[in-house]
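Undergrad: So the protein lines, in turn, are chains A and B. Residue numbers for the first sequence, in our numbering: 1 to 359. Residue numbers for the second sequence, in our numbering: 360 to 528.
Hints are supplied without guarantee of correctness; some may be wrong.
[Stated by the list, open to error] Just the calculated beta-carbon pair ranges, DEER-fashion:
(1) Leu-214/A x Glu-490/B: 34 to 42 Å
(2) Asp-448/B x Pro-64/A: 42 to 50 Å
(3) Gln-54/A x Pro-407/B: 36 to 44 Å
[Claimed, not checked] Some chain A residues well away from chain B (every beta-carbon gap over 12 Å; in silico):
(4) Leu-4
(5) Thr-43
(6) Tyr-52
(7) Ser-89
(8) Pro-232
(9) Val-243
(10) Pro-321
Derived from the structure by calculation, the hints contain no laboratory data. Using N, Cα and C, we set each Cβ at its ideal position, and we do this for glycine too.
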Amino acid sequence: MDLLTTISEQGAAVLGPAWPVVWTLVKIVAVVAPLMACVAYLTLWERKFIGYIQLRIGPNRVGPMGLLQPIADAIKLVFKEVIMPSQASKGLYLLGPVMTIMPALAAWAVIPFGPDRALANVNAGLLLLLAITSLEVYGVILAGWASNSKYAFLGALRASAQMVSYELAIGFALVVVLMVSGSLNMTDIVLAQNRGYFAGMGLNVLSWNWLPLLPIFVVYFISGVAETNRHPFDVVEGESEIVAGHMIEYSGMGFAVFFLAEYANMILISALAAIMFLGGWAPFWQAPLDLGPQWFWDWFWLFFKTFLLVTVFLWIRASFPRYRYDQIMRLGWKIFIPVTLVWLVVIGIWIQTPLNIWK
Amino acid sequence: MTGPKAMEAIKDFVKSFMLIELLKGLRLTGSQLFARKITIQFPEEKTPLSPRFRGLHALRRYPNGQERCIACKLCEAVCPALAITIESDVRESDGTRRTSRYDIDLTKCIFCGFCEESCPVDSIVETHVLEYHGEKRGDLYFTKEMLLAVGDRYEQQIAAARDADARYR
Numbered sequence: 001m002d003l004l005t006t007i008s009e010q011g012a013a014v015l016g017p018a019w020p021v022v023w024t025l026v027k028i029v030a031v032v033a034p035l036m037a038c039v040a041y042l043t044l045w046e047r048k049f050i051g052y053i054q055l056r057i058g059p060n061r062v063g064p065m066g067l068l069q070p071i072a073d074a075i076k077l078v079f080k081e082v083i084m085p086s087q088a089s090k091g092l093y094l095l096g097p098v099m100t101i102m103p104a105l106a107a108w109a110v111i112p113f114g115p116d117r118a119l120a121n122v123n124a125g126l127l128l129l130l131a132i133t134s135l136e137v138y139g140v141i142l143a144g145w146a147s148n149s150k151y152a153f154l155g156a157l158r159a160s161a162q163m164v165s166y167e168l169a170i171g172f173a174l175v176v177v178l179m180v181s182g183s184l185n186m187t188d189i190v191l192a193q194n195r196g197y198f199a200g201m202g203l204n205v206l207s208w209n210w211l212p213l214l215p216i217f218v219v220y221f222i223s224g225v226a227e228t229n230r231h232p233f234d235v236v237e238g239e240s241e242i243v244a245g246h247m248i249e250y251s252g253m254g255f256a257v258f259f260l261a262e263y264a265n266m267i268l269i270s271a272l273a274a275i276m277f278l279g280g281w282a283p284f285w286q287a288p289l290d291l292g293p294q295w296f297w298d299w300f301w302l303f304f305k306t307f308l309l310v311t312v313f314l315w316i317r318a319s320f321p322r323y324r325y326d327q328i329m330r331l332g333w334k335i336f337i338p339v340t341l342v343w344l345v346v347i348g349i350w351i352q353t354p355l356n357i358w359k
Numbered sequence: 360m361t362g363p364k365a366m367e368a369i370k371d372f373v374k375s376f377m378l379i380e381l382l383k384g385l386r387l388t389g390s391q392l393f394a395r396k397i398t399i400q401f402p403e404e405k406t407p408l409s410p411r412f413r414g415l416h417a418l419r420r421y422p423n424g425q426e427r428c429i430a431c432k433l434c435e436a437v438c439p440a441l442a443i444t445i446e447s448d449v450r451e452s453d454g455t456r457r458t459s460r461y462d463i464d465l466t467k468c469i470f471c472g473f474c475e476e477s478c479p480v481d482s483i484v485e486t487h488v489l490e491y492h493g494e495k496r497g498d499l500y501f502t503k504e505m506l507l508a509v510g511d512r513y514e515q516q517i518a519a520a521r522d523a524d525a526r527y528r
C-alpha cells in the first residue's frame, strides 16, 4: 500500500492533472491483462479437464504439458484471414464482437479483490453489474443481424431469448442476496457474509451465503451457465443444428473475440458467485503462518474460489447432454423464476422474524 | 391421482428438485477424472498390430530371389476398388509367364485384403507399414518396382507375420 501511495504521489507530481486518467488506465490494465491471461489458460484447463474426465490426456504437445497451447491458438487466430460477408452490414458486423466482450470486461470494474481493492468501489455495484451484463445480449443480436445469414440470425434469436430469460432468474437471485446483506455495494456484501449466526460461533464458512441461501445459489449458478450459453444450455451454437449460431460468419480475430467473451463471462459469473455466495476474498481457513502480504491472500482466496466454480462449469459441460430448446425455456420461466420468487418472499419473512441468522 | 401414484409423483418432484440425478451424473464423470488415462501417445508409443494387419502392399520373392507373382490376375479381378492394374508377358530368359506391369493405386485402394487372400502364391501381401505418405499427386501410385522394393525391405517382418498366422490359414 505504501508503495502504491508513493507511486500515486510521484505520478501526480510529474503529470499533474493528467495523472488520474493515467492512473485509472494503469489500474484497468492491471485488471484486464491478467484476466485475458486467465481466459487463455482457462481454454487449456477446459481441454485438459474434460480430456481427463474422458480418460484422455488433452493437449500436451505445445510446450511442457501443453502449457504453450493457448499462445499457439492465439497466434493462429490472429494470423487467420478475416472474411466479411459482402452483404453484411459493415459497421454493425464489426461492432458485434466489441459489444460482446465489452460488458464481460467492464463488469470487472466493481469486483472487489480485497477489502479496499476494486477499480470502482461504487455504492450501487450490484445494480451496475446487472446493467452491464444485460448489455451482453446486444452484441449477440448485432452479430446475428449484421451477418445477414439466416443461421446467424436464428442463432441470435435463440441466444437472446435464452439470455433474457435467465437474466430474470439471476436478477431475482441477486435481489435475495441484496436483501440479506442489506447493501448493493460489492465490498459490503462480502463483509456482510462474515457476520451472522454461524460467524458468531466462529464458523465463517457456514455463514457465507451459499448455505443459508443454498437454493438461490444453485439457481444462480445454473442460470449463470445458461446466461453464458455454456453446455448444457448451448443450443445457441448447437453443432448439429445451427453450427456456430450468431458467430457463424465470423472468422479469425472476430471469432476469437466472441470466444474470449464467452470465457471471460464464465470467469465473471464464477467470480460473482464467489463474491456473493462464497465469501469473496475471505479465507476458507486462516493461513497457519503469516506468509506474504494480506492483499496476496485476499486475491488468492478469491482466485481459488473462482477457479473452483469455473471448474464446475467445465465439469457440467463434460457430464450433461444438451437441453432441448423448449426445455431450456421451461426451466427458466416455469421453474427458476417461480422458485426464486417464492424464496424471495420466504427470505423476506425470515429476516423479519427473531430467527434471522444474518444479523 | 390416488394414494401410491400421488406418493410416486411427490417423490419424483422432490428428487428432481434436489438434483439427485444430476449429482449422480456429476459423481460418475468426477470419478473418471482420477481414473487411469488410456491415451496412447502415437509417435512415441504404438499399439500392438495383429499379424493380419493390412497396411502398405508389397510383392514378395522366393528365397532364391525369383519373384513369386505368376500374373494370374486374380487380385486384379477381385479388387473391389479397381486399384490394381496388371499386364503380363512371356519372360525372355526362361519363357515363363510374368507380369510386365503391376501397379496399385493406393489412393483407390480400400485395404480390404482381398488381393492377399486371392493370391495363390502369397505374392501380393499387405505389410505392417502404416506410416507412409505422398507429398504430391501420384506419389501413392505404386509400380511393380516399388512394391518389390517394399517386399525386399520388409521380407522378414512379412514372413514372421505369415508364420504367426499359418495355423489359421
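Undergrad: All hints, please: hold or fail.
TA: Going through the hints against the structure:
no.: 1; hint: Leu-214/A x Glu-490/B: 34 to 42 Å; in the structure: 56 Å, violated
no.: 2; hint: Asp-448/B x Pro-64/A: 42 to 50 Å; in the structure: 60 Å, violated
no.: 3; hint: Gln-54/A x Pro-407/B: 36 to 44 Å; in the structure: 23 Å, violated
no.: 4; hint: Leu-4; in the structure: 41 Å, holds
no.: 5; hint: Thr-43; in the structure: 18 Å, holds
no.: 6; hint: Tyr-52; in the structure: 5 Å, violated
no.: 7; hint: Ser-89; in the structure: 42 Å, holds
no.: 8; hint: Pro-232; in the structure: 10 Å, violated
no.: 9; hint: Val-243; in the structure: 26 Å, holds
no.: 10; hint: Pro-321; in the structure: 10 Å, violated
Hint compliance for this structure: hints 1, 2, 3, 6, 8, 10 are not met, and every other hint is.
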